[in-house]
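Chemist: Given next are the chains, with one letter for each unit.
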Amino acid sequence: MIEVIDVHKSFGDKEILKGISTVFENGKTNLIIGQSGSGKTVLLKSLVGLHDITSGDIRYDDRSFLDLDSSSKKRLRQDIGMLFQGSALFDSLTVEENIRFPLDMFTDWSEEERRERANFCINRVKLENANDKFPSEISGGMQKRVAIARAISLNPKYLFCDEPNSGLDPRTSIVIDELIHEITQEFGMTTIINTHDMNSVMGIGENIIFIYQGKKLWEGSKDDIFHVQNKELEDFIFASKLFKEIRDNNS
Amino acid sequence: MRIFYHLGRYTLFLKRVFGKPEKHHIFLKQIVREIDKLGIDSLGIVIIISVFMGAVITLQTAYNIDMPIIPKYTVGLAARDSILLEFSSTIVGLILAGKVGSNIASEIGTMRVTEQIDALEIMGINPAGYLVLPKVIAFVFIIPVLVIISMGVGITGGFLAGSMTGEVPAPEYIYGIQFAFQPFYIIYALIKAVVFGFIISTISAYWGYYVQGGALEVGKASTKAVVSSSIQILLFNLILTQLLLA
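Going line by line, the protein sequences match chains A and B. Position 141 of the first sequence, counted from 1, bears residue number 141 in UniProt numbering, the numbering being contiguous throughout. Position 179 of the second sequence, counted from 1, bears residue number 179 in UniProt numbering, the numbering being contiguous throughout.
If you're looking for bench data, these hints aren't it; they were derived computationally from the structure. Don't take each hint at face value.
What the hints assert, rightly or not - Below, a sample of chain A positions facing chain B; criterion: calculated Cβ distance under 10 Å:
| hint | residue |
| --- | --- |
| 1 | Leu50 |
| 2 | Arg75 |
| 3 | Leu76 |
| 4 | Ile80 |
| 5 | Ser87 |
| 6 | Phe101 |
| 7 | Phe106 |
| 8 | Lys126 |
| 9 | Leu127 |
| 10 | Ala130 |
| 11 | Arg150 |
Values in this document were obtained by computation on a predicted structure and should not be read as measured data. We put the beta carbon where it would ideally sit given N, CA and C, even for glycine.
With the hints as constraints, model all of the structure from the sequences given.
Modeler: Written as structure tokens, this is what we have:
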């Protein structure tokens, strides 16, 4: 479980996060939604420690991230997997080497054990015949799968995904969403996904947080989201013609 | 005031670079890879520059001291000392600041803008130590080798130019390069090479590591890396010459 307690984050004079509090529960697919520039990525990066927060607290299973010394922080980070918007695969390494990288760095396993684990992750994300290819030689969807495989290679407790569908076609987006959701349930992880894709919200959102101009305006499930009386959230959800039509037909 | 900002941030960056490596066998592999990439791949340009540099120094010296009272072997002596004292270390250093410096800055800068450095950080790896320290060690190790090769090739280039044009007969040149030889000149050049290697690798990595933005900023960082490394090389050349030769 990850608790976010009154988190503020400023860059210079500009306050990006304005007192966000929430709880991300274990084994759930949590979605942070909001328009571009609303502070979603800053929140996600603050959660994993890439940004130092200005005030507030972030607690991983009752341990304050801010109070951890560098070695405890390092241990905690091995429990974190992250899928970046652009995949962030290492260009100079092959697919298999990318997935093996955390295993090489943090385990004392034998060569055979590491290869087995890498192959397990490769099979889990349904990547075939790509072990020896470099990231530049595979498609965007495959790169996302490799990034997911790398993120889960150390069997993390927490999985963070920054815009996992960006740059993907609708079909591949659904495949990636489903893959993340399946993995979350299979490994009992706490997954936090940052997205503005309403298909993802309706497909896999178990707990949804809506951020608007750095503030949390709403939190709930995908079943409640269409019935909320909140102008900003309505503007966000019904920005697309398709969702407007669904609303009009339902009403 | 901007210079103090960069100086402070560069110092903190160096502190991170010299952190303990995660796995020693991976670290050693990286050093070998970097020696190949930064050193061996630079051999061609170092040889080309050195042979022409040696040839030109020899011919210029020969044309400028074309007097009956000055013996011909003086040309060999002057070419040797110029190559040992200045050209093989400083000029090769400046050329490598362009080739290796831009390579390091653009590689690390691209890793920054494509979030690969963030990915390392999330995994609990010190990115500065993991990415930069092997480059620094490899380059500081290999640059004296490149400088020694440059000395040999430069003196050979002078020999070929002198002989082929007939300006300096071969026996005179060979006598000249052995005359009043000061072994300390080689030590002096190697000390400079090590310092220049450290400057090029750390300053270039610094500019790449702190890139913000996209491809345009990576290009700018690469240019800044080459310019600031070159200026520091010239500055430290002056300081080391005063310290070591005065």
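Chemist: Are the hints correct? Go through all of them and say.
Modeler: Results of checking the hints against the structure:
Because the beta carbon of Leu50/A sits about 6 Å from the nearest beta carbon in chain B, less than 10 Å, this interface hint is met. Given the 10 Å rule on beta carbons, the hint for Arg75/A holds: about 7 Å separates it from the nearest Cβ of chain B. Nearest Cβ of chain B to the Cβ of Leu76/A: about 8 Å, under the 10 Å cut. The hint holds. A hinted interface residue such as Ile80/A counts as satisfied when its beta carbon comes closer than 10 Å to some beta carbon of chain B; here the least separation is about 6 Å, so the hint holds.
The criterion of a C-beta within 10 Å of any C-beta in chain B is met by Ser87/A, whose closest approach is roughly 8 Å, and the hint holds. The criterion of a C-beta within 10 Å of any C-beta in chain B is met by Phe101/A, whose closest approach is roughly 8 Å, and the hint holds. At its closest, the beta carbon of Phe106/A sits 7 Å from a beta carbon of chain B; the interface hint therefore holds under the 10 Å criterion. A hinted interface residue such as Lys126/A counts as satisfied when its beta carbon comes closer than 10 Å to some beta carbon of chain B; here the least separation is about 22 Å, so the hint is violated.
Interface hint at Leu127/A: violated, since its Cβ lies 18 Å from the closest Cβ of chain B, which is beyond the 10 Å cut-off. Annotation: Ala130/A was flagged as interfacial toward chain B, and the flag is violated, the nearest CB pair being 19 Å apart, outside 10 Å. Because the smallest distance between the Cβ of Arg150/A and any Cβ of chain B comes to about 8 Å, under 10 Å, the interface hint for this residue holds.
Hint compliance for this structure: hints 8, 9 and 10 are broken, all remaining hints hold.
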